[in-house]
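Residue strings, one per chain:
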Amino acid sequence: MKPKKSILDENLSRSDPRVKQIIAKMKKENYRPDALIEILHTAQNSFGFLPMSVLAFVTKELKVPPSRVYSTVTFYHFFSLKSKGEHTCLVCTGTACYVKGAEHILSEIEKDFSLKPGQVSPDNKLGVSTARCIGACGLAPAIVIDEEVHAKVKPEEVKNMILSKIGAQV
Amino acid sequence: MNRQDLITTAQQARVKQEQYKRRVCVCCGAGCISSGSEAVLKKLQEEVKSRGLEGEIEVVPSGCMGPCNQGPLVKVMPEYTMYQKVTCANIAAVVQSQLIEKKPIEDLLLFSDSRPKAFVNALEDPFFKKQHKIVLEDCGDINPEVIEDYIVRDGYKALDKALFQMSREDVIGEIKNSRLRGRGGAGFPTGIKWETVFKYVADQKYVICNGDEGDPGAFMDRSVLEGNPHRVLEGMAIAGYAVGASKGFAYIRGEYPLAIKRFEAAIKAAKKQGLLGPNILGSNFSFEVEIRIGAGAFVCGEETALIASIEGKRGMPRPRPPFPAEVGLWGKPTLINNVETLASIAPIINRGGQWYGAIGTPKSAGTKVFALAGKINYSGLIEVPMGMTLREIVFDIGGGVPGGREFKSAQTGGPSGGCIPKEHLDTKVDYESLVSLGSIMGSGGLIIMDDTSDMVDVARFFMEFCMDESCGKCVPCRVGTKMMYDLLSKVCAGHGTLRDIERLEELAVYVKESSLCGLGMSAPNPLLSTLRYYKNEYLAHIDRNKELEGVSHA
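Protein chains in written order, with the numbering used here: chain A, 1 to 170; chain B, 1 to 554.
Just so you know, the hints here were simulated from the structure itself, not pulled from any lab data. Where hints are given, some of them may not hold.
Simulated crosslink set (DSSO-like; lysine-lysine; CA at most 27 angstroms straight-line) [said to hold, decoys possible]:
no.	chain 1	residue 1	chain 2	residue 2
1	A	Lys28	B	Lys271
2	B	Lys473	A	Lys165
3	B	Lys85	A	Lys27
4	A	Lys111	A	Lys125
5	B	Lys268	A	Lys28
6	A	Lys116	B	Lys482
7	B	Lys247	A	Lys84
8	B	Lys473	A	Lys82
9	B	Lys313	A	Lys25
10	B	Lys482	A	Lys27
11	B	Lys247	B	Lys272
12	A	Lys28	B	Lys272
13	A	Lys84	B	Lys313
14	A	Lys27	B	Lys42
15	A	Lys165	B	Lys85
16	B	Lys157	A	Lys27
17	B	Lys482	B	Lys428
18	B	Lys473	A	Lys63
19	A	Lys25	B	Lys268
Pairwise CB distance ranges, derived in the manner of DEER restraints [said to hold, decoys possible]:
no.	chain 1	residue 1	chain 2	residue 2	range
20	A	Ser71	B	Trp330	44 to 54 angstroms
21	A	Glu147	B	Leu123	44 to 54 angstroms
22	B	Asp154	A	Leu81	48 to 58 angstroms
23	A	Pro33	B	Lys268	21 to 31 angstroms
24	B	Ile105	A	Lys152	49 to 59 angstroms
25	B	Asp154	A	Lys152	49 to 59 angstroms
26	B	Lys546	A	Ser71	31 to 41 angstroms
27	A	Lys152	B	Arg115	45 to 55 angstroms
Note that the structure is predicted; figures quoted are calculated from it, not measured. The beta carbon of each residue, even a glycine, is placed where N, CA and C say it ideally should be.
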């Protein structure tokens, strides 16, 4: 019989600071299965998304069936099984933003970067997504670039807004 | 902290505040922050300090002041002079002119670019004059991260009163007396809900604050949580005392990081002061509050789905009864109230149910916070007495539709509500009259649309939302929303037929009547209300198809 492979893959160990954060959170929550969502929030914060190996790790530590973890992750919009990109551009498509033309912003982004919502550029530099409503309705249309909210966005400005973010840190 | 300490703290904080001649608030609600208010705050603090005025003038960050569209906002108290679109470049002038020479800067006054004459005292402006603030009364004046700022405004006084002067029955009686109804949308009488939970005997009960403000186009709860988190905490603690719960959960959307941060800070501060935790204010009542962060599922606003989510599961609703009041979180009796409902509790306890019940209309008492957005001049956060007409809200407070366009529709209740046409602008806004128009009060999102909006596309927009957000548990909602979305897309694309409209009407009734939870039951509302008031637009799309057919058959 082959020796049992570690649940974390080669690049990931318990001493990885990102894994340590998850372990700390699980300890804080007493490994209670009902804290699963809180733990997943922590995991996604430290990894940027939820790699399968991390899900497997959480599954084992909390002693819950993998189906439970996977079904929870895929139920909530917040959790992502793939990388969202180094930089993210989130376009709010709530009602106020819809009324004020969020679709023009999305089509501008598609034109400039060839990315649709949910897609990440091949070099993993930029990911584009949509949100149901970020609650900045008084300032519609709004987009969020790397957690910074931009209000009353004009479609023609989006390209430079994104480029200045990506460019600044290349 | 015991009872005497609470009074002492309030007195000390008052003395401290009175040392200053002026208090300058810089709006640091999420809206103004995205317009750059944090830099303005910093610059203002520096400027005041560099001129040696820090002993006279207090500069504080505050919660949402209301007119989000005009941000960043700066308010000078006690004059109540408000400045709009303030940038760091304006700061020196504001300090020199307003604070030293005591001359307001006309060009920078709130609404100075849109009104013939702006008011030096902003409260005289129709935007504020028509409002009646109860939930938001301290929001925009106090620093949400400083508990003393809240205590000075009679904060936690209601909790003290409830714990030491009232029995649990008294508290419930007062809430019943106020005729407060659930502000989450459905409008169930809050007092009766409390009484139901109170009556069940159990070793453990829970209070949940529903801050999963899922309706797109709504940001009331966000602003309350950001602008006055202690008010919500106090409401939760009073609710806990009344129903006999020792543990509370605040379920807040993951999309609201600032609200989560401020609420966390509020819990910490309240705990430190002994206003949460064991033996509050020296009584034998103990209450703990924990935050649960939502993970982006609209259906989690439904109470049984929310409970499942707090338990760490997929947020899927279950049939009721049993209601959460009997079988709730981990099977225990649970009280679930919306943020705004809980924020209304402290004033009711302080000033009496009768006082609150006298505001508004006979069936809908009190005030309601609305998030005004869309095609409207002054978008933002407002609080009005129930029974105000839509026309007053849209035109007097909101300043009407911009760009010389015409008002077409007011959308209330988000994806569960409907579109109200201009013929009904004089409707009084309360729970019943909105339902009779085919919409609902909802949580308070009020989106104004002008004549450029295609109402069929609006219906499609909301149906797409419901289709995506359907949890998939019951067939009518899972399949029905998809079928209706496909039909609406077909009509929007100009391929619809009259038969499609009939099908939509049939399906809407099936989905409404047979879905498991509120999401499915209300998903057809935007469709039905647009069909009711804007059927001509549906028919226009179909006529387009006929023309096309004519061409292809020729």
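Hint-by-hint comparison with the structure:
no. : hint                                    : verdict
1   : A:Lys28 / B:Lys271                      : 19 angstroms, holds
2   : B:Lys473 / A:Lys165                     : 41 angstroms, violated
3   : B:Lys85 / A:Lys27                       : 47 angstroms, violated
4   : A:Lys111 / A:Lys125                     : 17 angstroms, holds
5   : B:Lys268 / A:Lys28                      : 17 angstroms, holds
6   : A:Lys116 / B:Lys482                     : 22 angstroms, holds
7   : B:Lys247 / A:Lys84                      : 36 angstroms, violated
8   : B:Lys473 / A:Lys82                      : 26 angstroms, holds
9   : B:Lys313 / A:Lys25                      : 18 angstroms, holds
10  : B:Lys482 / A:Lys27                      : 42 angstroms, violated
11  : B:Lys247 / B:Lys272                     : 17 angstroms, holds
12  : A:Lys28 / B:Lys272                      : 20 angstroms, holds
13  : A:Lys84 / B:Lys313                      : 24 angstroms, holds
14  : A:Lys27 / B:Lys42                       : 39 angstroms, violated
15  : A:Lys165 / B:Lys85                      : 25 angstroms, holds
16  : B:Lys157 / A:Lys27                      : 37 angstroms, violated
17  : B:Lys482 / B:Lys428                     : 34 angstroms, violated
18  : B:Lys473 / A:Lys63                      : 26 angstroms, holds
19  : A:Lys25 / B:Lys268                      : 18 angstroms, holds
20  : A:Ser71 / B:Trp330: 44 to 54 angstroms  : 20 angstroms, violated
21  : A:Glu147 / B:Leu123: 44 to 54 angstroms : 35 angstroms, violated
22  : B:Asp154 / A:Leu81: 48 to 58 angstroms  : 49 angstroms, holds
23  : A:Pro33 / B:Lys268: 21 to 31 angstroms  : 27 angstroms, holds
24  : B:Ile105 / A:Lys152: 49 to 59 angstroms : 23 angstroms, violated
25  : B:Asp154 / A:Lys152: 49 to 59 angstroms : 37 angstroms, violated
26  : B:Lys546 / A:Ser71: 31 to 41 angstroms  : 47 angstroms, violated
27  : A:Lys152 / B:Arg115: 45 to 55 angstroms : 20 angstroms, violated
Checked against the numbered hints listed earlier, the structure breaks hints 2, 3, 7, 10, 14, 16, 17, 20, 21, 24, 25, 26 and 27; every other hint is satisfied.
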